[in-house]
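Chemist: So you can see what is in the structure, the chains are spelled out below.
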Amino acid sequence: MTTAYNGKMARINLTTGEIKVEQLNMELAKKFIGGRGLGTKMLYDEGIATVDPLSEANKLIYITGAMTGTKAPTTGRYMVVTKSPLTGMIACSNSGGIWGAKLKYAGWDAIIVEGKSEKPVYINVVDDKIELLSAECLVGMQSEEIDGELKKLHQDCSVLNIGPAGEHLSLLAAIMNDKDRAAGRSGVGAVMGSKNLKAISVSASKSSIDSFDPEALKEITKSSTQLIRENGVTGSGLPTYGTAVLVNIVNNIGSFPTKNWQESYYEDADSTSGEALKEKFLVKQSFCHRCPIGCGRVVNMNGQVVGGPEYEPLWAYGGNCGINDLNAINEANYWCNEYGMDAISTPCTIAAAMELYQKGYIKEEECEGIPLVWGDPKVIIEWTKRMGEAKIPLAKLMADGSYRLCEYYGHPEISMSVKKQEMPAYDARGIQGIGITYATSNRGGCHVRGYMISPEVLGLPQALDRTETENKALWAKIFQDLTSVIDSMGMCLFTSFALGAPEYAKLLNAGTGTNYSPEELLLVGERIYNIERLFNKAAGMKPEDDCLPKRLIEEPITNSFSEGQVSQIAITLPQYYKERGWENAFPTKETLERLDLL
Amino acid sequence: MIEVRLFATFREGRDKISYLEPQGYHTAAEIIHYFRIADDEVAICLINGRHSKLDSSVKDGDVIALFPPVGGG
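Taken in order, these protein sequences are the chains called H and W.
Every letter in the first sequence is one number past the one before it in this note's numbering, and letter 247, counting from 1, is 247.
Whatever position you read off the second sequence (first residue = 1), add 1000 for this note's numbering.
If you are wondering where the hints come from, they were derived from the structure by calculation, not from laboratory data.
Here the structure is a predicted model, which is why all the values come from computation and not from measurement.
A few of these clues could be false.
[Unchecked claim] Once the Cα atoms are required to be at most 35 Å apart in a straight line, the calculated DSBU-like pairs of lysine-lysine come out as:
#, chain 1, residue 1, chain 2, residue 2
1, H, 151, H, 129
2, H, 542, W, 1016
3, H, 259, W, 1053
4, H, 129, H, 152
5, H, 278, W, 1053
6, W, 1053, H, 378
7, H, 8, H, 378
[To be verified] Going by beta-carbon spacing under 10 Å, a handful of chain H positions derived as facing chain W:
#, residue
8, 212
9, 214
10, 216
11, 252
[Said to hold, decoys possible] Only some residues are given here: those of chain H computed to face chain W with a beta carbon under 8 Å:
#, residue
12, 245
13, 246
14, 311
15, 447
16, 448
17, 451
18, 497
19, 595
C-beta atoms are modelled at their ideal positions from N, C-alpha and C, and glycine is treated no differently.
Just need the whole structure built from these sequences, with the hints factored in.
Modeler: Shown next, in the form of structure tokens:
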């Protein structure tokens, strides 16, 4: 049967240099779709949950979604699935660009990397040929330079790589692809660095992939793309302003974390907004493969045309560090990408360091000439570079994230993180549902594992009162399950502003030959969420890891439209477990039976 | 005074922030009509940071923030 799967993956052992071709387990592919779901199931079955994440025993799975490379909209995506050195739990980082589609066009659904190379290497994929090559010439290079060097050697290739941060095993290291796209979260770049793997270049002579029912796929692609183009958010808001348009909305509900979440309203937010970015710096939009939205920004940075910041780094370098200089934020974001670091966790760690400095826990002499004061543009640029270099002692500490930094200074409560991963740009005191997402996210502090901002702030698909707790647990569960499906299909989460489970079911069925109803597809999503939780359980996760920082529970918002609010997670978490069929944070036997996970 | 903040495309040809005398404006709808914005163009209407319907009443000292459809993540 012809489907959107290639049915083939490569297993590369960097210790021995052996490269094996394996068949994709199609039964598992049906149960877990691909990408995030199938990758997690494979990692779990290979017994990786209990290994040291930076040891030779950990494995890296680069896996495409079931629909990656098809004609469906936004299908350039891939996932990196591994055990996270930052959280000690499942890592599953998702990126756009075109690298994922190229891998699929070259004939592969996934690459599994095992072991550790003695010397720096990169993997070169040209259709069905895979070779390991010396990466000595790439050592120390930054992301854009690596991309350029490999393109000289392998014409028309797409490149995925780690920058210096990954080489230094920074726990905030990202994997960059296509210059400025990032599988950013959970320290996946450090795992790559620990294996002495610097890059993977992929070239393909094909530029399309088969599907089960090409006519049906063409039809549903056309109608889905039309829905995306006609939707106010995906057809107009995101193309015009990018994700940064959220700065003013979130600030105007008083839930814009400021100065490491000590405040929740930033007086100067407008000067760092999507509107300001468009007015002063925007050169053009940028698009991932087969994307009709184009939320990416290309900006003018001191005369240089570079990838611009999305909402998260704009907030994290901006209000969260008390910075109102948009050019400085562009520059800090650029260096974050160049060194190959997570553009959420890196600036959030700088913000945590600023609070440690404000409170006298970090001393001026430790700052080596650049004191960590709020609002100084030089701080975010230079400390980002310092973290990327990891040479001076304080920068080395910071390169492992805010939790370890704050713990080192005896104040872990200053780290605004969940499961040791920094939370993103929405204050869960003023938005109750997103707090459930943060607390229960299997990969730690994260907003894109169940984007409750959609109903609670944007009113999509229907408006929910952001300050109420009622029904939020069920909504969070449904959003988490649907997101698991979208990630596993290899599509962009932003399509969900315009599409729902019925469209995703039709796309997947036409691409792969499944016959899922929307309800059955959500059940698959639930299965995926639960296999991640089983991985975490095996990795040693404790029920108390599903929590929020004390500040969100005990310190009410003081300076904004959400004054007096605290997170009601103590109320919503038990409701969430009930909706999930979990006891003490883990699935019951009945739940596992229902999801066919026993 | 009522402070009105406009965002995204609502700023085209209009001031970012305006201050209106409260007399003559009883609802958010009356305010958006003053700016020649149609009801169905407004995706988010915040009154003092709370999501509000366009028929919600407004009073002296309120801060109104208006957005067309926008989103992100």
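Chemist: If a hint holds in the structure, say so; if it doesn't, say that too.
Modeler: Each hint tested on the structure:
1. H:151 x H:129: holds, 17 Å
2. H:542 x W:1016: Roughly 49 Å separates the two Cα atoms, so the pair is violated.
3. H:259 x W:1053: holds, 32 Å
4. H:129 x H:152: Status holds; Cα separation ~19 Å.
5. H:278 x W:1053: The hint holds at about 29 Å.
6. W:1053 x H:378: Violated, at about 43 Å.
7. H:8 x H:378: violated, 49 Å
8. 212: This interface hint is violated because 30 Å lies over the 10 Å limit.
9. 214: The hint is violated - residue 214 of chain H has no Cβ within 10 Å of chain W, the shortest such distance being about 31 Å.
10. 216: With a closest approach of 29 Å, the residue 216 of chain H hint is violated.
11. 252: Check passed: Cβ of residue 252 of chain H comes within 4 Å of chain W, closer than 10 Å.
12. 245: Because about 4 Å separates residue 245 of chain H from the closest Cβ in chain W, which is inside the 8 Å limit, the hint holds.
13. 246: Nearest chain W Cβ about 5 Å off; hint holds.
14. 311: Since chain W brings a Cβ to about 5 Å from residue 311 of chain H, closer than 8 Å, the hint holds.
15. 447: The hint holds - residue 447 of chain H has a Cβ within 8 Å of chain W, the shortest such distance being about 6 Å.
16. 448: holds, 6 Å
17. 451: holds, 6 Å
18. 497: holds, 5 Å
19. 595: violated, 27 Å
In the structure shown, a violation is registered for the earlier hints numbered 2, 6, 7, 8, 9, 10, 19, in ascending order.
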